[in-house]
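Chemist: Here is how the chains run, residue by residue.
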Amino acid sequence: DEWAAAKTLVKPPDQLELTEAELKEEFTRILTANNPHAPQNIVRYSFKERAYKPVSYVDQMAIHFSLNGNMILKDSDEGRRQSIRLSTAAEKAPVETSAVTSEEAEIKDEESTRDTQAAGEEEAEGSGTAEVSEAAEAEEPPLPRVKEQKLANQFNFTERASRTLNNPVRYNQVLINPASVSQWEIYDAYVEELQKMERSKEKEKPRAQTAKREEEKKKGRKLTSLESQSDDITKISKAAKIMERMVNQNTFDDIAQDFKYFEDAADEYRDHQGTLLPLWKFQYDKTKKLAVTAISWNPKYKDLFAVGYGSYDFMKQGQGMLLLYTMKNPSFPEYVFSSDSGIMCLDFHNDHPYLVAVGFYDGNVAIYNLKKATSQPSYKSSAKSGKHTEPVWQVKWQKDDMDNHLNFFSVSSDGRIVSWTLVKNELVHTDVIKLSVEGTTMEGPEGLQLQTFGCGTSFDFHKKIDYLFLVGTEEGKIYKCSKCYSSQFLDVFEAHHMAVDSVSWNPYHLKVFISCSSDWTVKIWDHTIKTPMFIYDLNSAVGDVAWAPYSSTVFAAVTTDGKAHVFDLSINKYEAICTQLVVANKKNKITHIQFNPVYPVVIIGDERGHVTSLKLSPNLRRMPK
Amino acid sequence: AEVEETLKRIQAHRGVIATVVINAEGIPIRTTLDNSTTVQYAGLLHQLTMTARSTVRDIDPQNDLTFLRVRTKKHEIMVAPDKEYLLIVIQNPCE
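Chain order of the listed sequences is P and S.
When you line the first sequence up against UniProt numbering, it's residues 1 to 625, in that order.
When you line the second sequence up against UniProt numbering, it's residues 1 to 95, in that order.
No wet-lab data here; the hints were simulated from the structure.
Be aware that a few hints might be false.
Listed below are several chain S residues computed to face chain P (Cβ distance under 10 angstroms; list not exhaustive) [stated by the list, open to error]:
no.	residue
1	Val-16
2	Leu-33
3	Asp-34
4	Asn-35
5	Gly-43
6	Leu-44
7	Pro-61
8	Val-70
9	Thr-72
10	Lys-73
11	Lys-74
12	Leu-87
Ideal placement from N, C-alpha and C gives every residue a C-beta, glycine not left out.
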């Protein structure tokens, strides 16, 4: 009952005295989730709005108790690492025990044993026996490998770097001045190299040839010593030659222009007539007293021509000269050769354009070689080698004979046509034919039969038929002969009343030939017909006649009164289409004319030693259709 | 020598004012002008010839300069280059 009695209220002394009304007042108590300690009106300054703003939500969480734990999730990275570490720690225990048993504390051995163990374990795995310890150890081989992957974090990562001294990069270059090396210097260097190689190759050749080489070297040495002895200025010869030609071109500029470009426009109105435009005049002071006796163009160099000087006068016989001029240099000849006797005729070899065959007044013949620097002929005939007894009027080269020897023919007033062959550096002669005049055998003293010979003055060989040739004589007859028959003629033409100065086959019409004579006439023949086809009377002795190389119907003739006549049979059969006085002085006789094979130029030689070149106007150059 | 003859002929030709021969370094060897003019011509034309030759050979190394002509109002200067020498002729082309 004490307990029941205890129900009476025990009042503390400081209990609040309240009235009954106040005692019955109800007080509601709500249980909310709000944190009564959390502030309800936090105001923050907002820089954006530059004003204080109330924070709408206040964190209501009240932390009563916090304890930082160190438990990690088993499957997380950290958890796995820790479990591995724990297991290796457990593995170390048995290894260490084995090491203890072996009593070898070196690390290497531990590792080797570990490796052997691992190898053994692998084999064990392979065999299939699995014990718990082995299984646990079997995990070792993969584990150490994984263990090798070292983590780099703040706690177990160290970087050890050292700064090396790097030397600055140095360029080992050769800098050249680019302006000084050009394409051609490189080319020159290559060419030099090539030459050196070739020389070394030559040296390698067998010694059988060294004898020859030594000779050549000696010759070379001699030449070089000569060169060094002579004046240094000779090295400039080539440049000087070009310069001379250029200077001449400047002086004769208008003539050069005419030669190249001038075409006479008046020819259209001249009704088939043409003119000859005078171009250069070639003269040399040493030939002033000599007459031009022969002209010929070089077959290879179309601007080079040879002029032979001599004299037609029986009484005045002097020296002779052979000059070669080029149209590029009208003031001075390229080559000068002098001889004792007057030159009467000359001919260039077709295949060897540096060989000139020359016939002299005294009956000799000679061959000049232009490649050699001497002014004397390379080969010359003499009295004992069968020279003619009379002046040689014409020489002509023939094809090489069967032994490949050069040979040429000559005709002379002594009635012999002789073939000269160059055999082993000597001229050997062979009489081809003797021009015997029919019916003139005379009774000489002691009953000898003397045969007088005709005097041959000109001849020409057929272009296609090799053995056929024509000979013109002083009596005015033309003989058609063959190389094969030495005593008989194939035919005789009673051509002229006086000496036949020139005969020439037509270059295109193989049956036609032309002849001219001092009896003032020019006659055109067909060699199968005895009488001439055309006869032209030119009022003065005709010195020379020549066919044009570009047309079968054009020919030119020169007369002693200084006129040149050009005929074109396709235009006018009876008259010349051009008659022009070529030489100034009436006393000067023209002796020869030649057409240039390429350019429309003729050269005319006269008795005073002058050679004039003339350009043919377009009317004269008509090509036949 | 023959070359001497040629040079004499060139000098005696109509319209030729002067002839100068210079060697590979540009030093005049033989001249018909007075010294100062010769030296001037030699130096300037030597340079011009070298440039001209360089141009020609740069375009085609197998080619080479054979002759050079400079035509001026008053006269014509002709240069013939050689391996070691240079021949210069000044001519008045009579027009």
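Chemist: None of the hints should be skipped; say for each whether it holds.
Modeler: Status of the hints after comparison with the structure:
1. Val-16: holds, 6 angstroms
2. Leu-33: Not OK, violated: Leu-33 (chain S) not within 10 angstroms of chain P, min 16 angstroms.
3. Asp-34: violated, 21 angstroms
4. Asn-35: Violated, because the Cβ-Cβ distance from Asn-35 (chain S) to chain P comes to roughly 19 angstroms (cut-off 10 angstroms).
5. Gly-43: violated, 19 angstroms
6. Leu-44: violated, 18 angstroms
7. Pro-61: This hint holds: Pro-61 (chain S) lies near chain P, its Cβ roughly 3 angstroms from the closest one there, short of 10 angstroms.
8. Val-70: Val-70 (chain S) check fails; min Cβ-Cβ to chain P is 12 angstroms, beyond 10 angstroms.
9. Thr-72: Since the shortest Cβ distance to chain P is 13 angstroms, the answer is violated.
10. Lys-73: violated, 15 angstroms
11. Lys-74: violated, 14 angstroms
12. Leu-87: Holds, about 5 angstroms.
In this structure, the earlier hints numbered 2, 3, 4, 5, 6, 8, 9, 10, 11 are contradicted, and the remaining ones agree with it.
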